[in-house]
Structure formats: C-alpha cells, structure tokens
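So the protein lines, in turn, are chains A and B.
Count the first sequence with my numbering and you get residues 1 to 483, in order.
Count the second sequence with my numbering and you get residues 484 to 966, in order.
Simulated from the structure, these hints should not be mistaken for laboratory data.
Please read these numbers as outputs of a predicted model, since none were measured by experiment.
Built from N, CA and C at the ideal position, the CB exists for glycine as well.
Keep in mind that the hints are not guaranteed to be accurate.
Stated by the list, open to error - For the chain B half of the interface with chain A, some residues (derived, Cβ under 10 Å), not all of them: (1) S646; (2) S660; (3) I770; (4) P831; (5) P833; (6) L836; (7) A837; (8) G861; (9) F949.
Said to hold, decoys possible - Ranges between beta-carbon positions, derived for each pair: (10) D715/B x S60/A: 46 to 56 Å; (11) G135/A x E545/B: 28 to 38 Å; (12) Q923/B x R358/A: 53 to 63 Å; (13) V912/B x A234/A: 23 to 33 Å.
To be verified - If the Cβ cut is set under 10 Å, some of the chain B residues that face chain A in the computed set are: (14) L659; (15) V680; (16) G727; (17) V793; (18) P795; (19) E797; (20) I863.
Protein chains: 2
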Amino acid sequence: MSPEARPYDIAGLKARLGGIRTEENPALVRQKSRDFYWYSPTLKRQLDAVSGDIVAFPASEEGVLAVLAACHALAIPVTPRGAGTGNYGQAMPLDGGLVLDLSGLDRVREIGPGRVRAQAGAIIADIDAACAASGQELRLHPSTYRTASIGGFIAGGSGGVGSISWGGLRDLGNILSLRIATMEASPRILELTGEEVQTVSHAYGTNGIIIEVEMPLAPAYGWIDAIIGFEDFAEAAAYANALGEQDAILKKLISVIAAPVPQSYFLRHRKYLPDGLHVVLVMVAPIARAAFESFTRRWNARPLFRSDLVGPEEAKGLPPLYELAWNHTTLRALRVDPSITYLQTLYPFPDQLALVARIHERLGDEVPAHLEFVRFDGRITCFGLPLIRFTSEQRLEEIVTLHEQLGIPVFNPHRYTLEEGGMKQTDAVQLAFKREADPQGLLNPGKMIAWDHPDFDFGAGRTYLFPGLQRHAAASDATGSAA
Amino acid sequence: MSPEARPYDIAGLKARLGGIRTEENPALVRQKSRDFYWYSPTLKRQLDAVSGDIVAFPASEEGVLAVLAACHALAIPVTPRGAGTGNYGQAMPLDGGLVLDLSGLDRVREIGPGRVRAQAGAIIADIDAACAASGQELRLHPSTYRTASIGGFIAGGSGGVGSISWGGLRDLGNILSLRIATMEASPRILELTGEEVQTVSHAYGTNGIIIEVEMPLAPAYGWIDAIIGFEDFAEAAAYANALGEQDAILKKLISVIAAPVPQSYFLRHRKYLPDGLHVVLVMVAPIARAAFESFTRRWNARPLFRSDLVGPEEAKGLPPLYELAWNHTTLRALRVDPSITYLQTLYPFPDQLALVARIHERLGDEVPAHLEFVRFDGRITCFGLPLIRFTSEQRLEEIVTLHEQLGIPVFNPHRYTLEEGGMKQTDAVQLAFKREADPQGLLNPGKMIAWDHPDFDFGAGRTYLFPGLQRHAAASDATGSAA
C-alpha cells in the first residue's frame with residue numbers, strides 16, 4: 001500500500017518528528033497495536049483487524065510533546081501504549097493513526113520514604129527492584145508485574161495484587177501524583193494530585209498522556225506464597241473472607257479458585273494440588289507466619305504448598321503465586337484450553353459469600369469460580385474473575401445478565417469502551433477533563449462513548465460500536481492483503 | 484510496724500534475694516503499688532489503701548527467676564509492674580506481697596525488617612527511638628507512649644493509637660511472640676507464638692510474667708497531626724467513619740471529641756479551637772497529605788490545625804495529638820475538673836453511627852462523647868471513651884446499664900478484675916494456662932475471678948470483691964497509722 005492511500009498524512013508527520021524513532025513496518029505496527037484483548041472472543045472478533053499507521057518511540061518528555069504537537073497539527077489520532085498487557089483493547093488504535101509507545105520513558109526518578117517517582121513506561125518489577133535497596137515496594141501491581149508498565153497500569157488497570165491491604169487504584173492515596181501532557185497545538189504539562197488524579201487514571205489515555213507518576217510505597221519484607229486446600233468450596237471462600245478480615249496479618253493476595261481449575265491449568269504447581277480440592281492462594285508477610293498458621297489451623301483446611309518450606313531447587317521451576325492469580329488465572333487456562341474466557345464481577349458487601357454460593361450453584365461447571373478478595377470502601381469483599389467455558393457470544397451475554405439479575409455487578413471485559421467495561425454510565429469528570437485536555441478528540445478515539453456519542457443509551461441493551469473502528473477495519477482489510 | 488506483724492515472711496524473702504535490689508520504705512512501696520486507677524471514683528474508693536510489702540527491681544531475666552523462686556518458696560504473692568500507667572489497678576497488689584518492678588529489663592535486643600524484640604520493661608517511645616534508624620516504629624501504642632512499658636501495654640492494654648490501621652493487641656499478628664516466666668518452685672521460661680500469646684496478653688500478669696516481647700513494626704514516615712472542626716456532631720462522626728474507610732489513606736489516629744470538651748480541656752491547643760465546634764483528631768502520613776485534603780474538602784468541615792503548617796516555635800509548646808486522644812482525653816479533663824470520670828464502650832458495626840447518635844441525644848451533656856475509630860474484625864467502627872460528669876456510683880452504674888440496654892457493650896473501667904472489665908465471662912484459655920503456669924495462685928491475686936471464685940455469677944449484677952483485698956486493706960489501715 002502506498003502512503004497516499006492512508007487517511008492520515010503520515011509522510012507529513014514523519015517530516016515533523018525529526019530525531020524521534022518511528023516504525024512503519026505493517027507487521028511491527030500491528031504488533032504494537034494490540035494487547036491481550038484476545039482473552040475475549042467478542043473483542044477478538046471486533047478488534048482483530050485494528051492497527052495503527054505508525055508507531056513513535058520517544059525517549060523523553062520533550063519527545064512526547066513533539067509527537068503530540070505534530071499529530072495535533074495534522075489531526076492524527078494518538079493512542080498511548082505501555083507494555084500492551086491490557087485486556088480490553090485499551091492501547092489499540094481503533095481509528096488508526098499513531099501509536100505512542102512510552103516504553104522509552106522508563107527512568108525511576110526519585111525514591112523517598114513511602115514514595116517513588118518514575119516515568120510512565122517503567123516496568124513495574126523494575127521500579128520495585130530500584131526501590132528494594134530502601135526496603136520498599138509498590139503497594140499494588142497487576143499479575144503482569146514482570147511485563148506491565150506503571151503508566152499502563154494506572155491508565156488501564158484497577159488494582160490487583162495488594163488490593164487486599166490497600167484497596168484499588170481508584171482509592172484516594174493509591175496514586176500520589178500524575179504528570180500528564182495535553183493534546184493541544186502547544187501541548188501543556190500538568191501535575192495532578194489528590195483527587196485530580198482520578199480524571200486521567202483508568203481513562204485509557206483518552207484525556208491526557210501520563211508521562212510520569214508518583215506512587216506510594218509499602219515495606220518490602222518479601223512474601224511467603226502459600227496454597228491452602230479445601231474439600232468444600234463455600235468453606236474455602238469463608239476462610240478467604242475471614243483471613244481478609246484479620247487486620248493484623250499482613251498479606252498481599254487472597255485468591256479462591258474452584259476445582260478443577262488449579263489441577264487443570266496450574267501445570268507447574270500440579271504436584272501440590274490433589275484432585276478435587278478447591279484452593280486459596282495467599283501471599284503473607286514472613287512476620288505474620290505464626291499468626292497465619294494459627295489462623296489456618298482453626299479451619300478444615302489442608303496446607304498444600306509453602307514457598308518458604310520447599311528447597312531452592314524445587315522452587316526454581318515455580319512461578320510466583322501472583323502469576324496464578326488475578327488475570328493470570330485466565331491466562332493459564334487459555335494456554336491449556338483456548339476456548340476459555342472469563343468475566344469480571346463484584347460481590348457487594350455484606351452479602352458476598354451468599355452471592356458467591358448462589359452463582360456457583362447456578363452456573364456450576366460452565367463458570368468455574370475464581371474470587372479475588374480485596375478491601376473495598378473499608379470492608380473486605382471479593383471480586384469475581386470466573387472462567388467461562390465459552391460456547392457463544394449469546395450465551396456469554398446471558399451469563400452476564402444472570403449475574404446482574406442476582407445483584408452482582410459486572411465490569412464487562414468483553415467491551416472496549418470505558419463506560420461499558422465499567423459502571424455503564426458517563427464519568428462526568430473524565431469527560432470534562434477531555435474537553436480541556438483534548439479538545440479535538442484525538443486521544444485514543446472510540447474508547448469514551450460520552451465523547452463520541454453523548455446521547456448513547458446505556459440502558460438500551462445495545463453494545464456501542466465506534467464508527468471509526470468500522471472505517472478503519474475496512475481500510476485495514478484492504479491493506480492487509482497487500483502487506 | 485515490725486516485720487513480724489506482716490502476713491508474709493519478708494525477712495526470709497530478702498535473705499533469699501541476694502544481689503537483687505529491693506525497697507521496703509512504705510511510702511515508696513505504696514507509690515510502686517499504684518497506677519492510674521484513680522480515674523475511676525469506684526476504684527479509688529476500693530483500692531486507695533492497697534500496698535505491697537516490698538518491691539523488687541531485678542535487672543535481668545535471671546533476677547526475675549530468682550525473685551519468682553524465692554516468692555514461690557515462701558508463698559508470697561507477686562504482682563508484676565511496668566511503668567504503672569494502667570487504669571484498672573492492673574499492677575496493684577490486692578493481697579500485698581511483692582511488687583515485681585520490671586523497669587530494669589529495658590533493653591531493645593534486636594531489630595529486623597518488620598519486627599523488634601525488646602525486654603518487657605522497655606519504654607514504648609524508647610523502643611521506637613531505637614527502631615527509627617531502620618525507618619520503623621511499633622504499629623500500636625497507648626496514649627501513654629512516652630511513659631508506658633511494652634510489657635505493661637501487652638499485659639494490661641488493648642490497642643490504641645494505630646488501631647485504626649492494625650486493629651488491637653487481641654488480633655493475631657499484633658504480638659509476634661512473648662517470652663514468659665512461670666510461677667513454680669523452679670520457674671520455667673516459655674516462648675509463646677501465634678495464638679499462644681493470647682493466653683498471657685491482657686491477663687494482667689495473672690498467669691505468667693512477661694519478660695521479653697517480639698512485636699511487628701510498621702514504616703515510620705512521621706505523622707501529620709490534624710484537627711478538623713464540625714458544627715454538627717453527627718457529621719463529625721460520619722466524617723471520621725468515612726475517613727477510616729479510606730483504605731489508601733495511611734493513618735494512625737481518628738478521634739472524635741464533642742464540644743465543649745476540646746475547648747475546656749485541651750488547654751495548649753485552645754487557640755485553635757473555636758467555641759462550639761466538635762473536633763476530629765487525625766494522625767495521617769505525609770504521603771497521604773493531598774489525598775487527605777481532597778477527602779476533607781468533600782465535607783462541611785473546618786480545618787483548624789495542622790502540625791506541618793505551624794512554625795517550629797509555635798509547635799514547641801504543643802503536645803502530640805495522641806496525647807489528646809484515647810485515655811489522655813480523660814486525663815486532660817481530670818486535670819481541669821477532678822470530678823470527671825469516663826467509660827469504655829464499643830459501638831458494634833454496622834450500626835455504630837446510629838448508636839452514637841442515640842446515646843449522644845440521650846445522655847447529652849452529662850456524658851460528653853469521645854469516639855476512637857478502629858479496625859475491628861476487618862471493619863471500621865468505633866470505641867467510645869465518653870467523659871462522665873460524675874455524681875454518684877449509682878448513677879454511674881445506671882449509665883453503664885443504659886449503654887448495655889441500647890446494645891452498646893461496656894468494658895467497665897470501674898472494675899479491677901479481668902472478667903468484669905472485659906466480656907463478663909471466664910476466659911477458659913487464660914484460666915487453663917494459669918493452672919499450668921501458676922498452680923499456687925500467687926501471681927497478681929484477685930484479678931481473675933475464674934480462679935478465685937469459679938462459681939461467680941456474672942449475670943447476677945453483683946460486683947466481685949476479692950477477699951484478700953479486704954484483709955489487706957484492714958492490715959494496711961493498721962500499718963498506715965504506724966507508718
């Protein structure tokens with residue numbers, strides 16, 4: 001395909017970008033235009049053809065500003081990208097244009113007591129490695145700890161490992177400040193603190209480019225990985241809930257996974273997992289060892305694995321426990337059975353255990369249970385990340401509806417928009433900030449329904465389909481055969 | 484009085500104690516035989532005459548064992564004592580005998596990541612000072628931080644400053660291990676970990692002498708002291724509760740104190756406290772500053788004081804905020820108005836705010852409200868430490884009954900026994916351990932009803948009166964005139 005065939009003036013853009021590295025090889029651009037959207041069969045169908053036209057790799061804040069100014073001048077959409085570990089197409093350029101790869105902004109700038117300042121593209125595990133000398137680590141991380149960038153986590157994640165102690169990224173105080181660039185003729189740099197950070201956190205980069213972040217730190221004692229087995233699923237869930245409520249036992253993860261998921265998909269831990277047992281995965285601080293053991297002895301529980309009790313030889317081949325939890329549970333299932341998909345739900349306090357039992361009875365083997373216990377508004381409750389033995393998109397929608405009918409909100413991971421994947425309503429604060437920071441609507445188009453289609457009726461049961469996606473998909477089909 | 488008149492063979496005891504320092508001067512022994520029991524007019528009446536016969540000041544574990552062996556041989560009661568900052572006569576020898584002053588065992592033995600090991604007599608603030616170089620501090624401390632010993636806190640306290648983040652001492656994991664000595668012919672040393680620590684924590688030294696403790700540590704970032712004013716008391720309580728539920732805002736104290744208590748009794752902060760305002764005292768981590776400010780702006784609140792915003796000159800004359808909170812609130816009131824006393828209550832989740840409102844309306848000015856918000860079994864709720872404008876013991880009992888009738892449990896601070904000051908029932912674990920560790924019943928006699936009077940009916944509405952207290956009081960009256 002010749003550059004002339006493209007809807008955007010990519011040649012003109014390149015002329016303006018001077019010393020900034022770019023990539024136009026279609027296969028490479030396509031690779032940098034995707035994330036783990038394929039966990040969802042729906043998103044796989046909708047987004048498979050998505051690709052940007054060019055990728056830019058700035059290595060500094062000045063470089064980011066130069067890219068934004070150039071794209072603004074030529075009305076070229078910009079979709080920011082960290083490590084591409086999202087699951088909802090957050091970093092996929094639905095309307096083509098430029099993919100802004102921020103992985104070159106990877107410096108850890110400053111570490112102080114309880115805080116770290118790093119550039120948005122820094123890998124989360126690398127930030128923790130830099131903080132280790134001070135005995136500190138990040139409060140929260142996704143299960144993609146070793147690959148995800150901190151900026152991507154803030155722009156597209158919600159919490160994860162550590163949420164059992166600290167709540168989620170939405171909670172005031174879990175993001176100290178954000179340094180962002182606006183999408184204007186002369187892009188500005190803004191520093192957001194306090195609740196201002198919520199205007200751009202979990203906004204998929206639709207209303208500002210996160211350049212640098214300041215995050216709170218917690219003490220890094222190291223963590224003991226423990227797996228506890230239960231014959232009864234309800235008891236496993238009750239144990240996890242009660243352990244979460246132990247205020248003095250310091251922990252970073254409490255996951256409940258129903259049999260036969262662990263036995264079928266946790267291949268490298270297989271020998272520790274007797275058939276039929278439901279498991280609870282726990283990351284607990286070494287100082288809490290004796291308390292944790294005392295607590296566990298009160299239950300009809302079978303300790304199956306402890307990372308501090310296996311030899312170093314045996315430990316070598318085992319992934320850390322957080323790589324069996326959160327969306328890594330789904331990933332491990334998908335590796336064995338590509339037909340698996342999943343859901344994201346919230347079991348509201350105080351009825352979480354009753355609701356878990358009800359949905360588990362109702363959907364049984366088709367939707368194997370996976371719970372992640374968290375602090376949520378000061379109480380312990382759990383999210384669900386159940387696996388789904390996928391049959392059809394229609395059945396998937398039925399399963400969503402069934403949850404909602406029982407009073408279990410669904411954060412639908414089979415939607416690429418902020419609203420449909422979230423609370424199914426306009427976030428007025430994010431929308432207002434987009435008007436200020438991206439008046440032309442060039443940042444990550446198609447992800448914020450409130451911007452593209454202010455009158456969209458979230459109650460009507462229809463799925464939003466971004467017009468640009470259809471246009472781009474058609475263009476991509478045309479170019480795909482030529483590439 | 485001649486030594487022969489005493490019921491115990493003190494002369495024989497001294498002969499056995501060799502190089503251990505002792506004190507028999509009646510005025511000094513009497514001073515070492517009391518604590519802050521006089522906060523309660525009831526305990527003041529009952530315990531004013533209490534005194535031991537001799538005080539021993541061992542400076543080592545071996546010294547403690549020697550004292551215990553000698554007292555055991557001569558059947559002399561032993562009442563252990565830290566700094567004497569308790570409020571329920573915990574360290575008062577109801578049956579006379581020896582007071583075991585542990586203040587000589589004051590070494591901080593070992594500091595590691597998340598843990599400290601110290602001797603029981605170490606002052607809490609001194610332990611924190613020793614931990615400061617590692618950037619750590621104790622999770623929990625009483626308002627008597629600068630004077631109380633760690634052993635006394637564990638033996639007679641329940642939580643306090645820090646409980647809003649970590650729960651109480653009763654929670655598994657807030658005491659890592661305890662090294663104790665038994666009261667036998669050949670006293671043994673036992674190490675208790677996990678839930679075993681609960682056998683001797685909050686047992687007033689009735690079933691073992693705490694010699695050394697291992698406690699968990701938290702990061703020491705320093706704390707900002709903030710006072711927030713509210714025109715409406717219910718809104719102050721709601722703000723405090725909601726701040727407690729902010730999982731990501733790191734805090735160490737949230738106290739609510741109804742007007743006119745702050746204005747009348749917080750003399751050194753007086754100029755920050757406009758008449759009529761109810762106040763919330765907050766200790767918040769510097770990293771949470773912006774989040775805390777954002778959160779507070781959502782309320783109809785008036786920021787009155789911030790320790791990080793006053794100059795060093797101004798700050799010099801001000802006590803730390805924790806010395807306005809917990810039982811220091813009562814102390815400050817007592818210094819101005821000696822007729823004041825107080826109560827200890829629990830407002831059970833989830834009805835805490837409704838119950839607070841109900842009792843506040845009902846008892847109004849006679850019982851000015853003072854709430855301490857805490858984590859309790861994984862939820863945020865509050866204890867009450869209301870002041871009471873004392874008129875009579877009978878009215879005091881009526882106020883207790885009124886709380887209980889409304890569903891507000893009272894931990895009665897006008898009782899010197901474990902059971903009556905606690906859950907009004909036998910602690911079977913502590914009793915069983917006493918049978919093992921103190922078979923002769925020589926440790927702190929009169930404090931554990933289950934031991935002295937197994938058939939006592941907690942439901943009968945009578946107050947337990949230790950027979951030894953009457954005997955001793957009579958002896959003390961006799962010697963008092965001779966001294």
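Quick rundown of the hints versus the structure:
1. S646: Holds: closest Cβ of chain A sits about 9 Å from S646/B, inside 10 Å.
2. S660: holds (7 Å)
3. I770: Nearest chain A Cβ about 4 Å off; hint holds.
4. P831: Constraint on P831/B not satisfied, violated at 13 Å.
5. P833: holds (8 Å)
6. L836: violated (13 Å)
7. A837: Not OK, violated: A837/B not within 10 Å of chain A, min 16 Å.
8. G861: holds (3 Å)
9. F949: violated (33 Å)
10. D715/B x S60/A: 46 to 56 Å: Holds: the Cβ-Cβ distance is about 52 Å, inside 46 to 56 Å.
11. G135/A x E545/B: 28 to 38 Å: Given about 36 Å between the Cβ atoms, the range holds.
12. Q923/B x R358/A: 53 to 63 Å: The hinted range 53 to 63 Å holds for Q923/B and R358/A, with Cβ atoms some 57 Å apart.
13. V912/B x A234/A: 23 to 33 Å: Taking Cβ atoms as reference, V912/B and A234/A lie about 28 Å apart, which means the hint holds.
14. L659: Result: holds, 6 Å to nearest chain A Cβ.
15. V680: holds (9 Å)
16. G727: Since the shortest Cβ distance to chain A is 6 Å, the answer is holds.
17. V793: For V793/B, the interface hint is violated, since the closest Cβ of chain A sits about 22 Å away, which is over 10 Å.
18. P795: violated (20 Å)
19. E797: violated (25 Å)
20. I863: Hint holds; I863/B Cβ to chain A Cβ min 5 Å, cut 10 Å.
Violated hints for the displayed structure, listed by number in ascending order: 4, 6, 7, 9, 17, 18 and 19.
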